[in-house]
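This is what each chain is made of:
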Amino acid sequence: MSAPARGLETVELPEMPSLARLYVAAARDAAKKLVGKATARASLPNARHHVVGIRPDLIKMTEYQTLLGEAKRDIAPAGYVHTLAFPAAMSVMGREDFPLPLLGMVHLSNHVEYRVPIFYGDLLDVTAWAEKLEGHRSGTQVALVVEVQHAGNDDVAWRGVSTYLAKGVYLPGTDKPGLNGQRDEFRPPLPTAMWSLDSETGRDYAAVSGDFNPIHLSSISARALGMRRSIAHGMYTASRALAEVGSQKGDTFTWDVTFEAPVFLPARVCLNIKDAVDGGGAWEESEFVGWNPSSGRRHFRGTVTRL
Amino acid sequence: MTTLRKAVVVGGNRIPFARANGAYAMTSNQDMLTAALDGLVARYGLQDERIGEVAAGAVLKHSRDFNLTREAVLGSALSPETPAYDVQQACATGLETVLGLCDKIKLGRIDSGVAGGVDSASDAPIVVSEGLRHALLELARAKTAQQKLKALSKIRPRDVAPVAPGTNEPRTGLSMGEHQALTTAQWNISREAQDELALSSHRNLAEAYERGFFDDLMTPYRGLTRDANMRPDTSMEKLGSLKTVFGRQLGDEATMTAGNSTPLTDGASTVLLASEEWAESRDLPILAEVVDGEAAAVDFVHGKDGLLMAPVFAVPRLLGRLGLTFEDIDYFEIHEAFAATVLCHLAAWEDEEFCRERLGLDGAFGKVDRAKLNVNGSSLAAGHPFAATGGRIVAVLAKQLHERGSVGGRPARGLISVCAAGGLGVAAVLEAR
Numbered sequence: 001m002s003a004p005a006r007g008l009e010t011v012e013l014p015e016m017p018s019l020a021r022l023y024v025a026a027a028r029d030a031a032k033k034l035v036g037k038a039t040a041r042a043s044l045p046n047a048r049h050h051v052v053g054i055r056p057d058l059i060k061m062t063e064y065q066t067l068l069g070e071a072k073r074d075i076a077p078a079g080y081v082h083t084l085a086f087p088a089a090m091s092v093m094g095r096e097d098f099p100l101p102l103l104g105m106v107h108l109s110n111h112v113e114y115r116v117p118i119f120y121g122d123l124l125d126v127t128a129w130a131e132k133l134e135g136h137r138s139g140t141q142v143a144l145v146v147e148v149q150h151a152g153n154d155d156v157a158w159r160g161v162s163t164y165l166a167k168g169v170y171l172p173g174t175d176k177p178g179l180n181g182q183r184d185e186f187r188p189p190l191p192t193a194m195w196s197l198d199s200e201t202g203r204d205y206a207a208v209s210g211d212f213n214p215i216h217l218s219s220i221s222a223r224a225l226g227m228r229r230s231i232a233h234g235m236y237t238a239s240r241a242l243a244e245v246g247s248q249k250g251d252t253f254t255w256d257v258t259f260e261a262p263v264f265l266p267a268r269v270c271l272n273i274k275d276a277v278d279g280g281g282a283w284e285e286s287e288f289v290g291w292n293p294s295s296g297r298r299h300f301r302g303t304v305t306r307l
Numbered sequence: 001m002t003t004l005r006k007a008v009v010v011g012g013n014r015i016p017f018a019r020a021n022g023a024y025a026m027t028s029n030q031d032m033l034t035a036a037l038d039g040l041v042a043r044y045g046l047q048d049e050r051i052g053e054v055a056a057g058a059v060l061k062h063s064r065d066f067n068l069t070r071e072a073v074l075g076s077a078l079s080p081e082t083p084a085y086d087v088q089q090a091c092a093t094g095l096e097t098v099l100g101l102c103d104k105i106k107l108g109r110i111d112s113g114v115a116g117g118v119d120s121a122s123d124a125p126i127v128v129s130e131g132l133r134h135a136l137l138e139l140a141r142a143k144t145a146q147q148k149l150k151a152l153s154k155i156r157p158r159d160v161a162p163v164a165p166g167t168n169e170p171r172t173g174l175s176m177g178e179h180q181a182l183t184t185a186q187w188n189i190s191r192e193a194q195d196e197l198a199l200s201s202h203r204n205l206a207e208a209y210e211r212g213f214f215d216d217l218m219t220p221y222r223g224l225t226r227d228a229n230m231r232p233d234t235s236m237e238k239l240g241s242l243k244t245v246f247g248r249q250l251g252d253e254a255t256m257t258a259g260n261s262t263p264l265t266d267g268a269s270t271v272l273l274a275s276e277e278w279a280e281s282r283d284l285p286i287l288a289e290v291v292d293g294e295a296a297a298v299d300f301v302h303g304k305d306g307l308l309m310a311p312v313f314a315v316p317r318l319l320g321r322l323g324l325t326f327e328d329i330d331y332f333e334i335h336e337a338f339a340a341t342v343l344c345h346l347a348a349w350e351d352e353e354f355c356r357e358r359l360g361l362d363g364a365f366g367k368v369d370r371a372k373l374n375v376n377g378s379s380l381a382a383g384h385p386f387a388a389t390g391g392r393i394v395a396v397l398a399k400q401l402h403e404r405g406s407v408g409g410r411p412a413r414g415l416i417s418v419c420a421a422g423g424l425g426v427a428a429v430l431e432a433r
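Protein chains in written order, with this note's numbering: chain A, 1 to 307; chain B, 1 to 433.
These are calculated hints, taken from the structure and not from any lab test. Just so you know, these numbers come straight off a predicted model, no measurement behind them. Even glycine gets a Cβ: it sits at the ideal position worked out from N, Cα and C. One thing to keep in mind: the hints can contain errors.
SDA-like, lysine to any residue: derived pairs with alpha carbons at most 20 Å apart [to be verified]: (1) K154(B) / E63(A); (2) K304(B) / V368(B); (3) K60(A) / R133(B); (4) K274(A) / R133(B); (5) K132(A) / P101(A); (6) K304(B) / G279(A); (7) K243(B) / R191(B); (8) K154(B) / K132(A).
Residues from chain B that keep clear of chain A, each with C-beta distances beyond 12 Å, as calculated [as the list claims (entries may be wrong)]: (9) E169; (10) G173; (11) E178; (12) L182; (13) R191; (14) R211; (15) E280; (16) G323; (17) E350; (18) D369.
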């Protein structure tokens, strides 16, 4: 377990929480806050949530592999492990003492280290906590850390850090925005691939990931949360880019993505993947970037790197 | 090394190529392949003959056509005791059937063979959606009424829509035209150069028809006596007036139009191959010898090379093995998937840096004399029924080489290259007899 989590109090969850129930509770919570006066808190929960006995299911993993274009290997794709383990982090965000509203949070970036291959049927323990509550030019950001271990093994097999932004929420005492507002000017390269995403994309990914956040499900539910139309899950785009990096990445790697303009559905997304090799010609890293071919706006960019 | 016997081209026969949803809209791959085969049988007197093997294929193929070539043989005038097999290598299918059968002839496993290919863009295999397919398969596996209901309940309205085959590359989602548009931009190929190539393809094909070149290479079918796509009267003005169709989404100035890209086409072609002894014993002509062939593939998925650039690698490997250069080639048959494809290949072979870094050569591979390129027209004018193109080219080149005879005391020599989906390319060398 990583150093920052050591001082935290462990809360054992009896099972992996359902994201659907967490969203309902969050909506109820949001409604309550409209009535009562929320007290702004500038600290994160002093707790890490721990769930044991999680097992990747073959059928669900296969459905995920089919949708994302992953080869149907027996090793769980890195993005699939995220869908399995992230509800533990969501339950941290759903705590009474979590300082930011869960609904409407924006996924800024995601970092994954896949250190030990996880096969379907492996028995896994999941630990999740929040850290790095910081100011951002348009609100407050927080990192949700999730670690996955094989049962009875101290080595972290998979580690994810998901950074989220609560837009328009400014907490007393958090750092003032730094230089993270600077964005480099983006000039689209020649694409190496193009995705045609239909309006079902959000519902399809929700079905395999369990992430039924209303902004991804339909135009109506998205509009209720202030979006023009439904948007693709950031992790759908990142996971598809990961799949398209291909078999060269091997079983263990680091996978980073930064999300920018949301992908409003339906959409065409242009993708460029650039491979880099080491002196011996072996794969070292792939850089990927996705953008809107009409507006030229960047949706996401990231890397997959040899561990 | 053991000396192998030679494999030769006796002749070829095809049906005129039709534009999709035109004259052959109601005929299947099997119908067209059988028609081309029967024409070949009639021309070379092969009724009831047991041929060593017939190899052919189609790119867009119905699942029921798992034995397409054998079924075409059974429906033809050939002996029903003629074995047959299917080949599928995207647009290189036709050329690969020729090379495979020639290898068998050279090894002595067979004495004669018919190579061929067919494709229909009109009678395309439309399939049910993946959702419906999975639900129906689950229904078939279900044992109880409850399981059957559960399977049926999984069918959603959007699953009912049928799915037509696409030309998109499975790994990139880009169509072949879009892929070529990227390569076209990378190699800076102008719209004008593409239109010029298209124009000479139409003119060369029309001239070949005028002088009766195709008279013994073609069997009329369904009212067609010439390729329906051919436009003898086209001009730079007409080609220049067409709107661009590929590359408009890709941020670069688009240059590719319906005029300098091949149209979707229906058609079939066949080539009769044999050992010299087999042809001579039957008093059949020998047009050319199939000397050698080479396949290549490129890593296009993340753009290391363009999708249709594999022939750029296959040709230098093949000529290198034979100790030949472009100077030794009298006819170049470079399949015109798009005008820009041919021009990108020519540009790459002339590019010193590319040839050094990517082909591992000392410098530029060479310059193709445009007067020797596709002298009887190619796919831009004739059309391109994917698997039928290889057979069309082999028959045309073999006849052209035979007519030319010798060049400077050696047999006239021709090079064929065909690009294909999946980053594939196949090349071959033929010599006059």
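To see whether the hints hold, each was checked on the structure:
no. : hint              : result
1   : K154(B) / E63(A)  : holds, 14 Å
2   : K304(B) / V368(B) : violated, 24 Å
3   : K60(A) / R133(B)  : holds, 18 Å
4   : K274(A) / R133(B) : violated, 36 Å
5   : K132(A) / P101(A) : holds, 16 Å
6   : K304(B) / G279(A) : holds, 17 Å
7   : K243(B) / R191(B) : holds, 11 Å
8   : K154(B) / K132(A) : violated, 44 Å
9   : E169              : violated, 8 Å
10  : G173              : violated, 5 Å
11  : E178              : violated, 7 Å
12  : L182              : violated, 5 Å
13  : R191              : holds, 18 Å
14  : R211              : holds, 44 Å
15  : E280              : holds, 51 Å
16  : G323              : holds, 29 Å
17  : E350              : holds, 22 Å
18  : D369              : holds, 31 Å
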